Every structure is written in C-alpha cells, then in structure tokens.
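Hey, can you work out the whole structure from these sequences and the hints?
Which chain is which? The protein sequence lines are A and B, in order.
Position 178, counted from 1, in the first sequence is what the working numbering calls 178; the numbers after and before it change by one each time, with no gaps.
Position 33, counted from 1, in the second sequence is what the working numbering calls 1033; the numbers after and before it change by one each time, with no gaps.
A hint or two may mislead.
Claimed, not checked - Here chain A is said to cover these stretches of chain B; the calculated rule only asks that three of the stretch's residues, wherever they fall, bring their Cβ under 8 angstroms from a Cβ of chain A: (1) 1070-1079; (2) 1121-1133; (3) 1191-1202; (4) 1206-1213; (5) 1242-1250.
Think of the hints as simulated: they come from the structure by calculation, not from any bench.
All of these numbers come straight from a predicted model, not from anything done at the bench.
Don't be surprised by glycine CBs; every beta carbon is placed ideally from N, CA and C.
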Amino acid sequence: MRRFFWILMIVLVLFSVTSSAAEKTWESQQGEFTGNTVTVLITDPHSAVVEAWKPEWEVLTGAKVEMVVVPYASLYDKMITDFITGTGAYDLICWPSTWAGDVMGGGWVIALDDMIKEYGYPNWDDVTPAIKTVVSWANKIYALPYDGDCHMLYYRKDALENPEYMAKFKEKYGYEYSIPPKSWEEIRDIAEFFTGWDWDNDGENEYGIAFIAQRKTQAMWSYLDFAMQYAAQPGVAPFFDPETMKPLVNNPGWVKAMEMIQTMTQFAPPGLLSYGYSELRQAFVSGNSAIALDWGDIGILEQSPEKYGSKVKGLLGYGPLPGANKTYDFKKKQWIEAYNRVNFLNFGGWVFSISKFSKNQLAAYKFATYFTAPERSILDVCGIHGYTGANPWRFSHFENIDKWIEGGWGKESVTKYLQTIQAILSDPKAVTDLRIPGAAEYYDYLDLHLAQVLSGSATPEDACNNIYREWVRITETQGKEKQLNLYRESLGLPPK
Amino acid sequence: MGKAQPIGKGVKIGFLAPSLLYLMAMGIFPLVWSLSLSFHRWKAATASSPIFVGLKNFYTIFFADPRFWNSFRFTVIYVFIVVVSELSLGLLLAYILNEKIRFRNFFRVVFLFPMAAPPIGIAFMWRMLLNPDAGIVGKIMGSMGINFVRWLTDAKLTPFVLMVVDIWEWTPFMFLGLLAAFQTLPVELYDAAQVDGASRFQAFRFITFPLLLPIIVTLVLLRAIDAFKLFELVFGITGGGPGTSTESLSYYTYTVGFQYFDLGYACSLSWVFLGIVLFVSQFLLRRLRKEV
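Here it is in structure tokens:
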C-alpha cells in the first residue's frame, strides 16, 4: 500500500512538472485560451497575415481573434487614444517601430523580456541584428519582430539593361550609367532619358521614376532616401546635432536633397503626387516607370500578374539606395566632394506589441509568436500568402529560397532581391530611423513641407527652414534635455 | 378620489437629478475640462502630465501659428463660396421643381441622393473617381483628348475640387428647405400680381424672394455652421493637401489633437474655433435679419 502511495505521488509530481513545463512555452496549446478574445489593431495589408493565421490558431487554442483594421493615417491616433484613456480595447497592436519614442518610451506597451524568459521565443538567434534593435528601447524588448524594413531601388531591366538604350544614353549624356544606378545624379539623368516615350513598346508612354509622394502616406521616407546620401554618412545620422539637439534639416545637404527630389518630379508619372504606397506599387508593377523606390513590397507584387495586375514579372532589377557624388559634413560644416552611400532603415519595420492595458497579454503573446515563428513567418514574407506588407527579417527567410520559388519567384530574381535586402539589414553602419518621442510629429512636418515643395508651392530652401523651425518648436515642447539624451541613446552615445 | 398631494421639493430634485447629472457628465464637464486644458501644455502621447502655461497657447494661435491663419483663411473662403453656390443652385432647383413639369417627383427624389449618403463615403468615392491613374473622371477626359488634370495635386486647383464636391453634396439641403417653403407660398399674391401685370421675374423679385427670406436666413445659418466644421471631405479626399492648401480649421485641430497629441493646444484651438463659429453665426443672423 505504501509502495503504491509513493508510486502515485511520483506519477502526480511528474505529471504536474510536465504539464507546467508544457504551459511555459511560446507554443500555443490545445484549448488553452478557450473563451478569450484577442483584439488586434492593424492596418492593411498587414491584416492579411492575421487573416491567414487566425483560423487555425482559433481552432487550436479555442480563443477568438478580432481585428480592428484602420487606415495608416488613423493608426497613430486610434492607438494613442486607447492608451491615454486606458481603455484596453486592443490586446495586440501592429505599429511602425519609428514611433518607438512615443509607444515604448511612453510606457504604453509591456516589456517582453520576462515573458520571453518565461515562455521562450521561436528562435531569437534567427532574428537579424538590425531588427533586434528596432524592437528594443532602453535595453528592453517591447515588441515582437515581424517585418524587415528598408528602402531599396527597383529598376526595369528591359529598359536600363537594353544595349540600344544604353548606347543612346551614352551618346546623349557622355557616360555609361551603372547597373544598378549608383548615384542620385545618375538616376536624375536616367529618369530624364526614360521619360515621355514608349520604351517597352506597350503602346503607352512611360516615365523615368516613381516614388511615394502623397501627403500622409509616408512620402517623407522618399525624401529621406535622398537626404541620407547628401546629409549623412555611413553610421552618422543626419537629424540633429547630438551635442546641442539643434535640428540639421536646413543645412546645405538637406536642401540639396530637397532640390533633387523636386527635380525628379519632372520625370515622374503625372499622378505622382497622389501616390501613396499602394498607388505607387500598383502603378509601378503595371509598368509605367523605369525606376521606383520602395520597401520590399514591389518585389512581392511583381510576382503575381493575376492577383495584382503585374506586367513586370521577371523584368525588375534590385539594388540598394543610390548614393550621391558629394555629401555635407554637418560637423565640419562643409561639403565632402566624394562619393557617399548610406543604407537607411526607413521605418524600421512593423512590429507587434502588447498593450499594457490588455487583459489577455499571454494569449496575445502566444498568438504573435505563433505566426512570427520561422516556419510560419516565411510564408508571410515570400509571397505564398500574397502581399502582406511583411518583408524578410529572419536569417532563415534569406536562406529558404525554395519557399520563395513556391511563392512565385524565379531563382535568379529572388536571389538578387534577398541579397539586396540582407546587405542593407546587415550593414553595421546603416542609419536607423528617427525613434525619439514625437517622431510622428517631426515627420508630419517634414511630410507637410515636402508636399509643398513637390507641388511647387514652396522652394526647397524655404521648406527646409520651415521644417527647422517646427523641429525646434517640437523639441522644446517635448523637453530639449530629455530629447537630447534620448537621441544620443538612439545613436549609442552616452547621456549629456 | 382624494385630492392629489403636492409634490415635495426632494422628489422633484430626485426626478431631475439623473438627467442633470447626465447633462453635467456629457456636456458641462467636457467643456470645463477642455477649457482648463487649453491653459496647459500636454503632450499626451508620451504619458507626460499637463503643465500650466496660462495664455501662451492662445498667444501662439494668434501671433505665432501661420498654419492656423492658413486654415482659417481657407475655411472662411470655402464657407463663403459653397454656401452662396448651394443657395443659388438650391433656389434654382426648387423654383424649377415647384413648377408642374414632367418627372417632377422623380427629380425631387434623385436630387436628394447626395445628401442622404454618409459624408465620409462621399469623400472616398470622389477620391477614387478623381484618382489620376484609375479614376473614371480622368479616363473620360482622356478619351475626349483632354490632358491630365491635377485635380488633387495642384495647390491652386484642389480647394475648388473640394468645393465642387461639397456643393454637389449639400445643394439638396438648400433645395429641400426651399422647396418646402415654395409650397407654402400663398397663391392669392401671385394672382393679384398677375392681374397687376407683373412679369415672372417681378413676381419672383417682389413676392417670392421676400417671402422666402426668413427660411433662407435659417438655411444659410445652418449650412454655414455646418460648412465651417468641414472635416470628412478633407480627411477623405485630400488629407489637407497638397501642402496645407485644403487644411480646414477643424482638420487642423484634429491633426494637432490626434496626430500630435498636443491636447492642450488642440483644446485652445477648439475654443478659438467655437468663438469664431459663434461670432460668424451671430453676424450672419443680425445681418440677414436686418434684410428680412
């Protein structure tokens, strides 16, 4: 009897140990959240990811997933309003990491370090270092990575690599351009050359370059592609003077960048100023321009003629952002007359965070880790789940070529595409995006004055001076000392 | 049956209290709270506390915020043009459809459609119609050989595009009110005018218009106040752009409040906005009543 008792006890102890060990995993368990509802605040097209994984996760865990899909222009106010009022309407929020200063710095989302320690995370070593940086704030992890974001250059191979066109270009401009184009100066000439004639013989005239230019739809990141080359150097961010917090946005480098982007509008499709990210992607894959700037998304749309009307499948080449033939050194206050090329992590990537007001934090964590696990997230970034807005961010995403081919890519195309993105994300001197509190407001004013330049209602110099004034005001409103230290921290410098 | 007892004061207060409390909670408290906030700086997104700044927000609005004056100028011009246009077109339509013409009832219903649709739906519909690449307006004009028109990307043209959409949407409001007024006009006056040999224009000028004036005053006032609050069309069609060329006062206030989360300044803007609307409505009322 005594023996039986001990055997029973051992079995019970083992059972309780194994069952509690089973609970302490990031992997979702059968029926573990029955009756719970996880509400996700998200924008399009990212909702496609949640849409793809929610049915099977609901069946597995017994939970319900509800999505609140809002346009990008409304995401910030919906999210912050929920935080300020403490409503807790959203458990899981998909947001751009460039708002880290407000969202992470504001303490509105929970630090995940303890949860990661307790429940684990699906292969943290598989996450690229740049993405690990964007999900962190003050040495703590506040978000789950989900997207690897950086702008890159897309070009039409049938135009730029056509020997006949190359010869004509050389005849007109007196030099041969690089493939992919190396500098904004080259791009300017190429864009001019390919504007206003039917170089792909489809019966319609094409244009030189397209980029996001519509107000409130992320146009400022197009401008930053130029500014990074003329006003920054590798590893040197161009936003503020890290000694004084004085904005640098009206120095000659930024003004030159503004002039250059204004020049490009002459070689762009007539509807350029109404191009948000969706419009740009649709227009470019429908074949109206020779060059475009975008995150990795155009590559995904390119692969699906049926779904997204792509007329350029297999015709696109990929490259990093072009550099510039000179750059302005804000420390020495002088131009450096040498070629300069800077990789820039525009936007930083979309991330998922858990609201501190959420009542379903564990369920939210497990749902997010479920679909961002390596074997699932690859399906979201490679095109198998279509256009989701998520771009590769794990090492395994760059290695698993077969899945990309399954997603509709040609081997040569995807190899080049992934090499380009990986080179940018793994560049230790890539400049990270502005992440201090008020980043959304700083960028809104950048966007506003950029829009005035692009529409011809302000000169580049006036616009840059106006941005400067606004940035000074925002910095003062936020608290100059606080901003200075946070900016320095974002650059890896000690506090003042 | 006994004589009814007079209701005590306590009972009266007891019955009134719930509605008074509701009114206080929903109406008075937010007003007082927002007035108090308008004297503070509060960057709510970063979880900071409100800091008392006195009249600084109001000083900034009037003396150091060109964006406020830009949105004020745009709003005033917008209100003037759309209200005058809607009144004129509404009057014309009501006059025509008050006559015994064929399909009169059909047209009366059709003209009301734009007003019945939700304004934000209207805004997104027009945004799609005017889309430079895929919009049907551009395609139709292109098929007629008319080159690309920068409907939504030209800072000089876009404000007028918004006005046209507003006029299309809200002329039915004027039309409806005026048509109802037309139908109440006494027939005897027109008979007398006809006997006196008055022309159609004279009958309109000296009988119809003076009799319609009270309702016109009311319609203009309602429409002007509503137009002043212009938001959905800006939000849905232009986002205030290009630049700030179509940024209305309420859209600017929304941007400051819910994009920058500068809630103190946004409250100050709201109070200035309220003051402007009150002033304009008083001005219009007095001016138009004088005419009546």
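Against the structure, the hints come out as follows:
| no. | hint | verdict |
| --- | --- | --- |
| 1 | 1070-1079 | violated (count 0) |
| 2 | 1121-1133 | holds (count 3) |
| 3 | 1191-1202 | violated (count 0) |
| 4 | 1206-1213 | violated (count 0) |
| 5 | 1242-1250 | holds (count 4) |
Violation of the numbered hints given earlier is confined to hints 1, 3 and 4; the remaining hints are satisfied by the structure.
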